[in-house]
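Read left to right, the sequence shown gives residues 53 to 250 (the working numbering).
Fair warning: there could be bad hints in the mix.
[Claimed, not checked] As a list, the in silico BS3-like pairs of lysine-lysine whose alpha-carbon atoms are at most 27 Å apart:
| no. | residue 1 | residue 2 |
| --- | --- | --- |
| 1 | Lys-182 | Lys-93 |
| 2 | Lys-160 | Lys-175 |
| 3 | Lys-184 | Lys-93 |
| 4 | Lys-154 | Lys-175 |
For the record, the hints were derived by calculation from the structure and aren't laboratory data.
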Amino acid sequence: MAQLPAAPSSGRVALWRRLRAAGAASVLNGAWILTVTDEHKLLYAQLVEMVRAQGGSATVFSTTATSEEEEQAIIARFQADRAREYDEFAERSGEFLAEIEKETRRRKFTFAELEEIEDDLDKLSAWLAKIKARDFFPNARMQVANETLETSGAALRTFAGAVYTQEGVVDAADDSAGSSDTATPNSPLKKRGRLRDG
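Full structure from sequences and hints, please.
The structure is reproduced here in structure tokens:
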């Protein structure tokens with residue numbers, strides 16, 4: 053549990069962001085819960101120090117649900133938070149695929165466009181990795197997201213093959229063009245993409 057002075061708000065914002073990034077679930081005003089791991093214990097210790105340094109108060113304690121119903125209710129909080137993130141990931145992935153379809157219809161098979169799309173896929177991949185890292189009680193949503201990312205990667209490889217053909221890098225009959233590794237995250241050929249970071 054943590055309480056910080058109302059002003060300045062920067063301390064509360066920093067606390068909220070770090071807890072959310074770690075996958076913590078809010079159970080009460082100022083009370084957050086995380087699964088018990090060495091990493092989370094270290095995080096809480098750091099946050100307690102940060103809160104107290106800013107004139108606030110913080111207490112960390114371990115707790116156990118007193119019934120199966122209470123435990124499932126807490127798990128449901130975590131899963132609801134992740135479900136919202138998976139929903140947004142699916143929406144952004146849909147935008148990614150729609151962009152490839154649009155550029156394919158326009159036959160805009162240029163190297164610059166390929167770089168932008170590569171960058172967008174890198175962002176989607178990195179964002180999904182963050183979501184999965186804080187998905188402590190995974191269900192079918194994680195697998196669906198993995199498959200969505202694979203679909204996006206396949207669409208990029210197909211688009212890349214068309215670019216290589218358009219640019220004369222490969223022959224139109226060369227089936228190997230679509231097996232390029234252009235969908236690999238952190239491609240060295242980068243340009244600012246259209247997707248915002250997750």
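For each hint, the structure was consulted:
1. For a cut-off of 27 Å, the pair hint linking Lys-182 to Lys-93 stands: about 19 Å separates their Cα positions.
2. Taking the CA atoms of Lys-160 and Lys-175, the gap is near 22 Å; set against the 27 Å cutoff, the hint holds.
3. For the hint linking Lys-184 to Lys-93, the alpha-carbon distance of about 20 Å falls within 27 Å, and the restraint holds.
4. Among the hinted pairs, Lys-154 with Lys-175 is consistent with the structure: their alpha-carbon atoms are about 20 Å apart, no more than 27 Å.
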